[in-house]
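Undergrad: Please build the complete structure, drawing on both the sequences and the hints.
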Amino acid sequence: AQSVTQLGSHVSVSEGALVLLRCNYSSSVPPYLFWYVQYPNQGLQLLLKYTSAATLVKGINGFEAEFKKSETSFHLTKPSAHMSDAAEYFCAVSATGANSKLTFGKGITLSVRP
Amino acid sequence: KAGVTQTPRYLIKTRGQQVTLSCSPISGHRSVSWYQQTPGQGLQFLFEYFSETQRNKGNFPGRFSGRQFSNSRSEMNVSTLELGDSALYLCASSSMEPTDTQYFGPGTRLTVL
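Protein sequence lines correspond, in order, to chains W and F.
Just so we're aligned: the first sequence equals residues 4 to 117 in our numbering.
Just so we're aligned: the second sequence equals residues 226 to 338 in our numbering.
To be clear about the criterion: a stretch of chain F counts as covered by chain W if any three or more of its residues have a C-beta under 8 Å from a C-beta of chain W, and this derived list gives those stretches:
(1) 270-283
(2) 327-333
DSSO-like cross-link-like pairs, simulated, lysine-lysine; straight-line CA separation at most 30 Å:
(3) LYS109(W) to LYS61(W)
(4) LYS282(F) to LYS72(W)
(5) LYS238(F) to LYS282(F)
(6) LYS71(W) to LYS109(W)
(7) LYS109(W) to LYS72(W)
(8) LYS109(W) to LYS282(F)
(9) LYS61(W) to LYS71(W)
(10) LYS238(F) to LYS109(W)
(11) LYS61(W) to LYS72(W)
No lab work stands behind these hints: they were computed from the structure.
By construction, the Cβ of each residue, glycine as well, lies at the ideal position given by its N, Cα and C atoms.
TA: Rendered as structure tokens:
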């Protein structure tokens with residue numbers, strides 16, 4: 004079975020500061036890993052995904068994540084936060100493919116202070 | 226091309242009623258998955274359909290059911306609604322490429338009174 008742990012429910016950063024959202028996973032097979040973002044009253048938008056190619060994955064809006072098998076982690080980073088980054092972020096894992104059942108973490112709300 | 230569409234966007238029902246939600250996938254996508262999102266339980270997988278067959282099912286009671294039509298459009302039905310069924314129901318579609326992505330619709334917000 005797969006599971007995802009996102010530490011903390013809320014992260015607050017200043018505009019221009021580094022964004023670091025943590026995600027640890029558990030999977031019995033090599034995982035597919037994802038980060039999604041959700042803005043209020045909207046669905047989920049894919050930021051980036053890891054599908055066993057490069058361990059450093061670049062996504063949209065300046066976000067990137069690094070797959071570290073030894074640490075079972077897939078942390079999301081962005082060098083400089085923008086006010087428009089304020090949203091809820093979800094890490095997800097799939098065992099069988101990017102198009103299969105996703106198991107999500109609880110989500111992290113990112114606030115950006117001016 | 227057009228994204229995933231879900232109808233209706235908002236729905237209010239009373240306990241004991243039943244409800245049907247609709248999802249139209251991205252053109253060419255044959256796999257449709259449904260998720261329930263609540264503040265307490267987060268995002269939980271309900272079921273997945275491919276070529277009109279349920280391929281995977283989450284841990285939900287039998288009151289939750291779904292189906293997929295030959296044009297890949299999908300519906301989910303919840304019978305005998307309970308207050309705890311109030312949630313955002315998200316539909317996602319994908320192609321059959323394992324490295325592809327699930328694309329999510331805007332969701333249907335169901336409120337049970």
